[in-house]
Amino acid sequence: MSQLHRLSSGGLIDRAKPLSFKFDGKTYQGFAGDTLASALLANDVQLVARSFKYHRPRGILTAGSEEPNALVELRQGARREPNVRATTAELYDGLIAQSQNRWPSLYFDFGAVNSLLSPFFAAGFYYKTFMWPTAFWEKVYEPLIRRAAGLGKPPVGDDPDTYEKAFAHCDLLVIGAGPAGLAAALAAGRSGARVILADEGPMLGGRLLSDRRIIGNQSGPDWVKATEAELASLPNVRIMPRTTIFGIYDHGVYGALERVNDHVATPPAHEPRQRAYRIYAKRAVLAAGAIERPHVFGNNDRPGVMLGLAMRSYINRYAVVPTKRVAIFTSSDEGYATAHDLIAAGASVQAIIDTRADATISAPNDIPHFKGARILRVLGNKQVQGVEIELKDGAIRILDCDGVAMSNGWNPAVHLTCHLGGRPVWDDKTNAFLPGNVPAGLSVAGAAQGHFGLKETLADGLRLGASIVDELGFKASGITTPDTDPESLAHTPLWRVKTSKGKCFVDFQHDVTDTDIELANREGFRSVEHMKRYTTLGMATDQGKTANISGLAILGEASGRKMAEVGTTIFRPPYTPVALGALAGHHVHKGFRPTRLTPSHQWAEEQGAVFMETGLWLRAQYFPKTKNESWLDAMIREVEITRSKVGVCDVSTLGKINLQGKDVGTFLDRVYTGTFSTLPVGKVRYGLMMREDGFVQDDGTTSRLSDNHWLMTTTTAGAGKVMAHLEFCHQVLWPELDIAFTSVTEQWAQYSIAGPHSRDVLIKLVDPQHGISNEAFPYMACGAITICNGIPARLFRISFSGEMAYEIGVSNRYGDALIRAIMDAGKEFGITPYGLEALSTMRIEKGHVAGSELNGQTTPRDLGLIKIVSQKKDCIGKHMSERPAMLAPDRPILVGLKPKNPKSKLTGGAHFLDKGAKPSLENDLGHMMSVAYSPMLKSWIGLGIVKRGRERIGETIRAVDFVRGTEFEVEICDPVFFDPEGVRIRG
Amino acid sequence: MHYSVFSIISQAFKGQKDWKPVWRYPDPKAEYEILIIGGGGHGLSTAYYLAKNHGYTNIAVIEKNYLGSGSVGRNTTIVRSNYQEPGNIPFYEHSLKLWEGLEQDFNYNAMMSQRGVLNLYHSDSQRDDYARRGNAMMMHGVRADLLNREQVRDVVPFLDFDNARFPIHGGLMQWRGGTARHDAVAWGFARGADSRGVDILQNTEAKQIRVENGKVTGVETSRGFIKAKKVGIVAAGNTTRIAETAGLRLPIESYVLQAFVSEAIKPLIPCVVTFGAGHFYISQSDKGGLVFGASLDYYTSYAARGNLPGVEDTIEEAMAIMPSISRVKLLRHWGGIMDMSMDGSPIIDKTGIDGLYINCGWCYGGFKATPASGYCFAHLLATGESHPVATALKLNRFETGYVIDEAGTGAQPNLH
Amino acid sequence: MRIPCPFCGPRDSQEFSFLGQAGLKRPDPNAPDAQMQFHDYVHIRDNKAGVTQELWLHANGCRSWIVVTRNTLTHEITGSEFASPQVKEAAQ
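Top to bottom, those sequences are chains C, P and D. Under my numbering, the first residue of the first sequence is numbered -8, with each subsequent residue one higher. Under my numbering, the first residue of the second sequence is numbered 2, with each subsequent residue one higher. Under my numbering, the first residue of the third sequence is numbered 102, with each subsequent residue one higher.
Among the hints, a few may not be true.
[Stated by the list, open to error] Taking lysine to aspartate or glutamate and the EDC-like style, the derived pairs with C-alpha atoms no more than 16 Å apart in a straight line are:
#1 C/K896 / C/E960
#2 D/K149 / P/E245
#3 D/K126 / C/E960
#4 C/K273 / D/E177
Please keep in mind that the hints were generated in silico from the structure rather than gathered at the bench. Bear in mind that the values here come from a model prediction, so they are computed numbers and not experimental data.
Generate coordinates for the entire structure from the input sequences, incorporating the hints supplied.
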């Protein structure tokens, strides 16, 4: 029969729902309400894992999220998840789990040979060795170490599940739904305040589910049920089970992880597996309870050694007797509760070994009771087979048992109180680190505050819940603390059994022993942080929840310091590990960042355009005529048609800023290098903008649409930055100016129509009352017009291509219609759409600067644009652009570059060297910024910066591209390659 | 105590009982020739090289906390010299060369692992930018390889090559880059300095630099006044707080940079990988944890902890290049204080005060610079002259305009 | 972190962008030592550990530049107001 360790009655499991699951290929049975750990124990599976360094056999130490040992891989295939704690994994039908970090099997693991070598593998051994010979580290030692370490295998392939992010707001967040948390939520909830009660487990109740206690006249679980029912009836209370508050952040922001569907095989359709919350809470109560401390003694890591409360939890909550002949090892009266529960469950308590000689509590029945005694070591390897104990008088005894239950007092779960820099403070009375300076808005209740008694805990929760909502303006009432059954809490921790035999583990998962800590101290690693880092204590997946405090105590003992002097390391978020997928939510794959589409996108797609990312935008790169047309051929065709006939390009991505007010001209004079206040209505001017540090930040055109109405364009990439910059200039620097502006980038669809036939195309669209002849609407003219029978539009006679060109803007919703109308109108003239490649080629042919030149490292002077920096006025960046370095004669300056052989394919990022010069930073003349194949020149051309470039026009230098393995001779030339007189542009 | 095969074996048989403390806990002397403020990686390496290269023995390092308690013990451990600007390249390359011989030099295994640093690019223009950088490195003889998409796939096949928002086009690889065990670097330098007679004064806080007639005379500390002929500030995020006590104002702001580590898993990521369509870097430690980070939290701060938006942004970037790690769990995240300079590059220089020297502005890049920073600062302190590889790292470059702005983001520290 | 925007109320810091020290005065471009003053204005900061006044932009909100009083040691925020006196006045 299966489940030999399952009790026939009792517990909070549902015997009507049997579940089947697999561990390491073998099938077992459990019940709904089980965790993987409780179900394994019900089936007497004690060996479940191997440790990190020594590959020691490990079992189940705890019944909660503090578990250091029982880590498994859960699920299979793309859903496989490493390092899952069996103690918190809820059982579901068909669950599949595998042990990890072992080869070839869990039972027989070759890695255990490390245990034999352990005399070498003391803490920090690797810092002293593996240095000889030098080359061996990457080739031999490191691969070996990496393979041996690492616990679970990385997941493979795409995660089929989804994750969500969510936000929640409340007056009071209660963290933990044990007795203190339930009481706090109840007191606050009854007042009408918005309360969120979160607990990491699937059931509310915390420790009340594990212990046999009485509250009022109800059993613990019944009290929980009644309280939960009342909370659920309050519309202002939100109960969030399976939700871990993993971190506290500034100003009452709490990070939470809800495991929405971890307890089923696969999430139902449209539901996420997990959901990460930011909870904004005015106040919070931390009621996270406490974690029981293990003892440190010989072979205390053997399967079958368990914390006392964990053992009670398996018995009372899961109706499982983990082991049937148990030795109780205790420094606390809690150990006797474990003995009682074991007996009640029909198990045998072989002895109570109480480290306190002066313990006053008596043992149940006639159980052997050794006071002032200690366990020296556990016998057995893959399962406890007995213990060797030292009695008070020094006598040594061997005791038969198959399990050990340890109770060594409590470590309050103060972790969250440290997330904003709080330091726990040692308290001699409770023998515990208690919350120190806690984050603003947070209060601590119950065991987390060192109040370990049940009545005290309930009182804490009620009092805090009530007083907090009172402070928030609600009225708490009807709060009385119920009576509880008597309990006995005395304890005197024993930090380690010094006379132990065998390895005494402090940090189970990382295999850190007491002697490792002593060694660290001996070598001078006396600060807790040094000790932690040297030994790796507390750095495993459990963050040392069961280990840290014992480690500190042993360090204190070794260095002759008290606990308070030793202090603690800092607990960091998250409280328990959080899946990266949950924190990314929907921001994965194509959803990583939004995708911005231009108004002509759908039309361009229909044309078979190839798109490319430019920032968040997708823009047409080129429009291949046939499937096989290369980008280069397409670009050449698009340029040739545009320059000989007419082309159209979507330029809606350029930033557009609508400025109004009587001081816009003055404002523009201050932010642009040039003068704009003199710009007549109906005209456009090119503008260059510097940062205050004197480097160019952006360029574009600004049009004056009326006296007090202007429109600025920015580069695509610079749109957001320029907007913030202008707002800074206005709101912070010159708030007295009468201006207002707003971004209208998304509101306007804008197309550039360029080429000798551009006006011919346009005339067909523009309503006849608007004259657009060359005289009526010359180069750099602008104005509001209507097109296609009354649709409002704006027309700008500006050109990036060097051709006669217009940009026409309409309300975004007409964007799609307009591109189709332009193409129709242009058909008779042989119009082509052109993409970014052609756009870029034409601007390089014209020597216009763009993104690669406006790289934040160039000044107007570097770009040959000093002529548009007005010398008559100040502007942003003016003074800093005149620092000595910027005026230095050998500063690289923009020039054009033509290869000696027109077929030489120039490359962006190549550097320049003089002929015969050896590569060196001193000889480096500059670099190639932009390149293109020029259909007009039938040659590759480039723009770049070259030291003293303007003085060297006509000279030949080398463009060297080491990383692509090319080198070409290039001639330095003027950056304007095509139509230098600008005849074409004026039409 | 020298570490050798012999000492390791003999201690294994003696139960590790005879290892000696790696450093002393001395009391401060009344006076030192040189006093270093800051017992982090750079301060300790400065002391080490002052002792080793320049023969100084009467020097001390004061550290307000435990040694190595600052950024040297909380960074993402990346070591590289793949810089673009001529002011930076020789310095970082010098540093990488020192890294390559460091362990034998200080007889301590800092687990320097030259596993490669791969910068992914996601567009043609970014490819050209990376080519520019790679070629700048090659100008100085620093090897860089421009990989195409398939070559990247050979190295890191588990990245998202098919469904990424910003497709991977290729990468710039520096094979000599890699990682090192951060704490061990501090400990190795501390041990090396201590054994050469340097006093490392832990839990000793600098309160006030004393200046008389334009000349430094010493430092008021939490353990009393300590006289010194020369004082070097190597206080990273706290630089301006210390400098202020001598009346110095600097082009530095302090920000929090978060770092992250996942639970340990078996080997997955063979090298350091960075994401080009954001600002993200990841590697895997020898213990198995994925170690990663991204941009600063964008506000000035002296609190060594970050906030959730930074956490989420970072992890979104992680998932953007390798969505398969969605089920790997974040184990811990923490923050360190970065001394962000106005151009994103460091400062190693004299100040206007006689005898007072500064070493700061390390921004994101302090760890990889640890050896050369100490090497060059020691040279400056000992000789009064900038080391030849650090001549560009001047304090007055903001005045003169000779800024070293790798990213071209200007005098806005949180954008570097 | 939550930033109290004087226009929108408390909002997650993710909606804001941070510039730096508030209260720096752009120098008079015509001053004889203007270049030195500009150098100071552009590059030198107090970088105070403690209570500072700093400029934030509510970029994903009302797009106000605001001056936030914040402690850089603890992140505690004790006040915020519009950077522009004109806006401040209008808001009142």
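Enumerated hints in conflict with the structure, sorted upward: 3
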